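As they're listed, the protein sequences go chains A and B.
Counting along the first sequence from 1, when you hit position 163 you're at 162 in numbering that gives the first Met the number 0, and nothing is skipped either side.
Counting along the second sequence from 1, when you hit position 88 you're at 87 in numbering that gives the first Met the number 0, and nothing is skipped either side.
Read the hints as simulated data drawn from the structure, not as lab findings.
Some clues are possibly wrong.
[To be verified] Over 12 angstroms on every C-beta distance to chain A, these chain B residues come out as not near it, computed from the model:
{"id": "1", "residue": "82"}
{"id": "2", "residue": "387"}
{"id": "3", "residue": "435"}
[As the list claims (entries may be wrong)] No farther apart than 20 angstroms at their CA atoms in a straight line, the calculated lysine to any residue pairs in the SDA-like style are these:
{"id": "4", "chain 1": "A", "residue 1": "93", "chain 2": "B", "residue 2": "203"}
{"id": "5", "chain 1": "B", "residue 1": "452", "chain 2": "A", "residue 2": "452"}
{"id": "6", "chain 1": "B", "residue 1": "452", "chain 2": "A", "residue 2": "251"}
{"id": "7", "chain 1": "B", "residue 1": "93", "chain 2": "A", "residue 2": "452"}
{"id": "8", "chain 1": "B", "residue 1": "332", "chain 2": "B", "residue 2": "272"}
{"id": "9", "chain 1": "B", "residue 1": "93", "chain 2": "A", "residue 2": "255"}
{"id": "10", "chain 1": "A", "residue 1": "136", "chain 2": "B", "residue 2": "47"}
{"id": "11", "chain 1": "A", "residue 1": "290", "chain 2": "A", "residue 2": "182"}
{"id": "12", "chain 1": "A", "residue 1": "121", "chain 2": "A", "residue 2": "452"}
{"id": "13", "chain 1": "B", "residue 1": "52", "chain 2": "B", "residue 2": "434"}
{"id": "14", "chain 1": "B", "residue 1": "121", "chain 2": "A", "residue 2": "135"}
{"id": "15", "chain 1": "B", "residue 1": "169", "chain 2": "B", "residue 2": "138"}
{"id": "16", "chain 1": "A", "residue 1": "136", "chain 2": "B", "residue 2": "134"}
{"id": "17", "chain 1": "A", "residue 1": "387", "chain 2": "A", "residue 2": "403"}
{"id": "18", "chain 1": "A", "residue 1": "387", "chain 2": "A", "residue 2": "421"}
{"id": "19", "chain 1": "A", "residue 1": "93", "chain 2": "B", "residue 2": "216"}
{"id": "20", "chain 1": "B", "residue 1": "52", "chain 2": "B", "residue 2": "329"}
{"id": "21", "chain 1": "B", "residue 1": "452", "chain 2": "A", "residue 2": "134"}
{"id": "22", "chain 1": "A", "residue 1": "438", "chain 2": "B", "residue 2": "434"}
{"id": "23", "chain 1": "A", "residue 1": "438", "chain 2": "A", "residue 2": "255"}
{"id": "24", "chain 1": "A", "residue 1": "452", "chain 2": "B", "residue 2": "216"}
{"id": "25", "chain 1": "B", "residue 1": "136", "chain 2": "A", "residue 2": "125"}
{"id": "26", "chain 1": "A", "residue 1": "438", "chain 2": "B", "residue 2": "138"}
This structure is a prediction, so every number in the text was calculated from the model and none was measured.
No residue lacks a Cβ here, since even glycine has one placed at the ideal position from N, Cα and C.
2 protein chains.
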Amino acid sequence: MKMSDRLHGQGRVNPAAPVSKAGTIILLLAAMFAVGGPHAMAQGFSPDDIRAKYGEAAGRIQQAALSSDLAWERLAEMCDTFGPRFSGSENLEKAIDWAVETLKADGFDHVRTQDVQVPNWKRGHEFAEQLEPRYQKMPMLGLGGSIATPPEGLVGEVLVVGSFEELREKASMASGKFVLFNIPFTSYRETVAIRVHGAVEAARAGAIGSLIRSVGHDSLQTPHTGGMSYDDALPKIPHAALTPEDADRLHRIQERGQRIVIRLKMDAVTMPDATSRNVIADLRGTESPEKVVVVGGHIDSWDVGQGAQDDGGGCMMAWHAIRLLKDIGLTPKRTLRLVLWTNEENGARGAAAYARGHAEEAENYIIAIESDSGTFAPEGFAFTGSEKAIEYVTEAAALAEPVGAGGIRLGAGGVDIRPLLTLGVPIMDVLVDRTDYFKYHHTHADTVDKVSKEDMKHCVAGLATMLYILADMPVDLPR
Amino acid sequence: MKMSDRLHGQGRVNPAAPVSKAGTIILLLAAMFAVGGPHAMAQGFSPDDIRAKYGEAAGRIQQAALSSDLAWERLAEMCDTFGPRFSGSENLEKAIDWAVETLKADGFDHVRTQDVQVPNWKRGHEFAEQLEPRYQKMPMLGLGGSIATPPEGLVGEVLVVGSFEELREKASMASGKFVLFNIPFTSYRETVAIRVHGAVEAARAGAIGSLIRSVGHDSLQTPHTGGMSYDDALPKIPHAALTPEDADRLHRIQERGQRIVIRLKMDAVTMPDATSRNVIADLRGTESPEKVVVVGGHIDSWDVGQGAQDDGGGCMMAWHAIRLLKDIGLTPKRTLRLVLWTNEENGARGAAAYARGHAEEAENYIIAIESDSGTFAPEGFAFTGSEKAIEYVTEAAALAEPVGAGGIRLGAGGVDIRPLLTLGVPIMDVLVDRTDYFKYHHTHADTVDKVSKEDMKHCVAGLATMLYILADMPVDLPR
């Protein structure tokens with residue numbers, strides 16, 4: 000493949016796939032690198048030298064990665080032992096304790112934690128039931144941060160709408176009712192708007208509660224939770240997700256001219272902030288340990304399922320890519336730092352705290368890499384950095400092509416690495432095939448069986464290849 | 000396509016697809032037709048004449064079917080209005096009342112019901128929870144006919160096995176525990192054995208309760224219910240289905256050497272038999288009304304979801320294939336009879352009662368056709384009858400090829416038509432693409448959104464083509 004092809008993300012990278020879970024491509028910020036950063040362009044080792052210098056190592060790395068199930072087994076152990084790892088929960092802190100002990104046992108250097116104050120929302124008991132035209136229980140999940148209903152639940156008629164526009168047209172019909180947004184999934188970036196803004200728009204129309212069709216596809220009566228927002232200038236109303244099946248059913252019932260009445264009961268409560276921790280562990284560089292390649296995922300998850308795809312797999316992929324390099328005697332010149340951020344899901348406070356607490360050393364960060372798009376077959380990497388750097392990462396990715404991770408797309412934006420981007424650090428997201436991701440995302444079904452052992456091995460192989468090259472190159476990745 | 004190809008089910012028919020939900024191919028019974036039945040082979044109209052005589056009608060039928068969503072809309076109306084239709088439930092009887100009224104309004108002849116005494120098992124409140132090594136709620140469904148646990152639930156250790164053979168080897172370890180059969184889905188015919196026989200085999204090993212991995216695939220924490228059996232010579236123990244995710248998780252925990260303790264609570268109760276009804280409605284033949292083509296599906300379902308694929312779609316497909324012929328002025332010479340059997344799921348008593356109550360007229364039945372394999376893209380028909388008849392149905396199916404229903408496979412065995420086969424009536428199953436069927440089968444997710452409007456139209460088109468030809472041919476289908 001020619002470099003110009005790879006630069007534009009042709010080949011294995013699916014151009015339609017969202018770059019990051021937050022769906023933001025920070026292309027504009029790339030401009031700050033184009034004029035040159037504090038790192039001068041190093042001489043004597045060009046992108047074209049990467050293949051000759053690292054081709055053999057890449058082969059060794061990938062062979063070792065493809066012959067080990069350790070990352071998957073560790074993911075299963077964490078998921079099965081601790082369950083979902085929601086900010087403020089005992090599960091999360093126990094999983095963090097386990098990660099610290101296991102990283103020490105693995106021989107990582109300077110394994111430590113960083114305290115982070117995190118939001119502490121508790122779901123509590125909750126249910127939804129259709130009372131008219133006939134009784135029907137409805138699976139549901141309250142959305143993270145929602146207020147509770149009254150203790151006896153909230154009973155009211157339902158107005159089903161297919162868009163924000165339709166709600167504005169029918170605002171006079173929404174007053175005193177529940178509004179149900181029944182908008183089928185197109186892309187996460189587009190459809191998540193009903194989850195984030197639904198309660199605000201329903202309250203603006205005078206609704207007593209807001210319901211959404213879950214943001215996902217291929218449902219088997221599967222509700223999806225996730226984050227949401229309120230507007231302090233408007234009444235706060237309960238906000239919950241029904242399944243696509245029930246949203247469609249209520250829509251059909253409304254279209255038949257029948258009156259719909261439901262009861263929604265949610266005991267959700269927002270407690271005072273809790274203390275959680277980022278986990279940080281190094282593989283100390285052999286020549287320039289003060290220079291750091293940061294890589295990780297978020298160890299917290301929503302409070303359902305096991306947080307296996309989101310984002311236990313990302314954590315284990317990064318962790319075991321580093322461990323694999325150590326195990327096969329390929330400790331690079333610069334330090335590889337694993338960060339397992341806390342509270343990505345409902346606050347991103349771990350990412351903010353990490354950047355704040357390490358701002359002074361950020362000048363020495365070569366790159367920050369995040370894996371938080373699920374653990375499926377790898378496709379490559381998204382990158383935001385200088386034009387010179389693009390040439391290096393493109394050649395590095397080319398050596399990961401044998402395991403499928405050869406594509407480079409411009410524009411990274413992972414939630415946990417964005418704060419480092421604002422400190423001038425180039426950033427990179429691991430890209431995978433997300434065809435099935437939004438079946439499982441934020442559901443009871445995000446369990447470790449959804450992660451293929453083969454895919455996990457390939458992800459470790461691709462990421463370890465990239466990590467080794469960027470942390471070991473004779474020159475720093477140019478800023 | 001040559002007839003010899005079609006005869007062997009080549010072309011669109013997937014040879015790997017099960018022929019009937021019960022998985023029984025009654026090929027042996029085909030032999031009884033080969034020596035000739037009470038109907039002599041009619042002269043003067045050969046299979047090769049079918050295309051010339053019915054080609055134009057087939058085109059009209061298919062054009063009309065492909066331009067109407069009525070069957071799908073009726074399915075949605077029934078599913079949304081009445082919910083699941085389990086034997087012994089008010090829902091089922093209300094749906095039967097609605098079907099009778101709607102068939103009368105549609106202009107069917109002699110719409111009537113036939114009383115059937117049906118089993119009356121009630122699920123009641125039920126749950127499963129893992130108590131050790133940590134607390135975890137587990138979605139579950141009790142299996143139809145299971146006894147209850149004690150009111151406080153049943154608490155015990157769990158032994159996970161991967162096969163009946165493994166249980167026999169480890170029988171001494173099963174005593175006093177729950178046995179969990181964690182056997183992944185291969186085909187329904189093969190895997191359903193753990194549901195049907197699991198409680199017997201677990202009781203034989205001295206277990207206090209029996210759990211299975213749900214019989215289905217592509218789970219999103221989706222339990223599947225269904226029928227089961229006890230052996231009167233062994234203790235009866237509670238029998239329930241967990242999700243594939245939880246079955247795998249418990250298996251992994253056991254493999255890590257950890258002790259598993261769960262609580263199972265089931266309030267299931269078997270009440271005295273209840274009265275249900277088969278629904279019967281005719282489109283009276285214009286020349287030989289005493290000769291009858293029977294076609295239908297079962298109106299009952301399990302007590303979860305909406306019974307849309309199993310088997311509301313089959314009922315509506317048959318119903319609206321007949322109605323379509325009437326609407327476009329193609330009432331055939333012989334009578335078309337719609338039968339919506341009751342209690343297929345947990346007793347097949349509707350089928351037995353229908354055959355018993357109509358045994359005297361069975362000599363006049365041309366064929367009995369059942370649609371109970373789901374409503375997906377049609378592939379053709381399975382048939383059990385005489386060799387002469389095979390030639391006719393093969394040529395009739397060929398005219399349904401434009402809508403995908405052109406294949407003929409030998410060996411039909413639908414549960415509701417088998418009793419008619421024993422009375423000498425040729426039988427036929429509607430065949431569809433069942434790739435996705437066992438995602439939804441017997442789950443909360445068997446809802447009308449899983450039935451594609453396009454697939455439904457194509458099913459109606461193919462079936463109406465077959466019905467018209469077999470009910471209108473100048474000769475009776477040879478026995």
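Status of the hints after comparison with the structure:
1. 82: violated (6 angstroms)
2. 387: Consistent with the label, residue 387 of chain B stays out of reach of chain A, its closest Cβ about 45 angstroms off (over 12 angstroms).
3. 435: violated (10 angstroms)
4. A/93 x B/203: violated (41 angstroms)
5. B/452 x A/452: violated (37 angstroms)
6. B/452 x A/251: holds (14 angstroms)
7. B/93 x A/452: violated (49 angstroms)
8. B/332 x B/272: violated (40 angstroms)
9. B/93 x A/255: holds (19 angstroms)
10. A/136 x B/47: Distance ~55 angstroms between residue 136 of chain A and residue 47 of chain B Cα, so the pair is violated.
11. A/290 x A/182: Between residue 290 of chain A and residue 182 of chain A the Cα gap is close to 47 angstroms, so the pair fails against 20 angstroms, i.e. violated.
12. A/121 x A/452: violated (33 angstroms)
13. B/52 x B/434: violated (35 angstroms)
14. B/121 x A/135: Holds: residue 121 of chain B and residue 135 of chain A sit about 17 angstroms apart, inside 20 angstroms.
15. B/169 x B/138: Status violated; Cα separation ~27 angstroms.
16. A/136 x B/134: Violated - the C-alpha atoms of residue 134 of chain B and residue 136 of chain A are around 25 angstroms apart, more than 20 angstroms.
17. A/387 x A/403: This hinted pair is violated, its Cα atoms lying about 24 angstroms apart.
18. A/387 x A/421: holds (19 angstroms)
19. A/93 x B/216: violated (33 angstroms)
20. B/52 x B/329: This hinted pair holds, its Cα atoms lying about 13 angstroms apart.
21. B/452 x A/134: Distance of about 27 angstroms is beyond 20 angstroms: violated.
22. A/438 x B/434: With Cα atoms ~18 angstroms apart, residue 438 of chain A and residue 434 of chain B stay inside 20 angstroms; holds.
23. A/438 x A/255: Roughly 30 angstroms separates the two Cα atoms, so the pair is violated.
24. A/452 x B/216: holds (18 angstroms)
25. B/136 x A/125: holds (15 angstroms)
26. A/438 x B/138: holds (18 angstroms)
The structure shown violates the earlier hints numbered 1, 3, 4, 5, 7, 8, 10, 11, 12, 13, 15, 16, 17, 19, 21 and 23.
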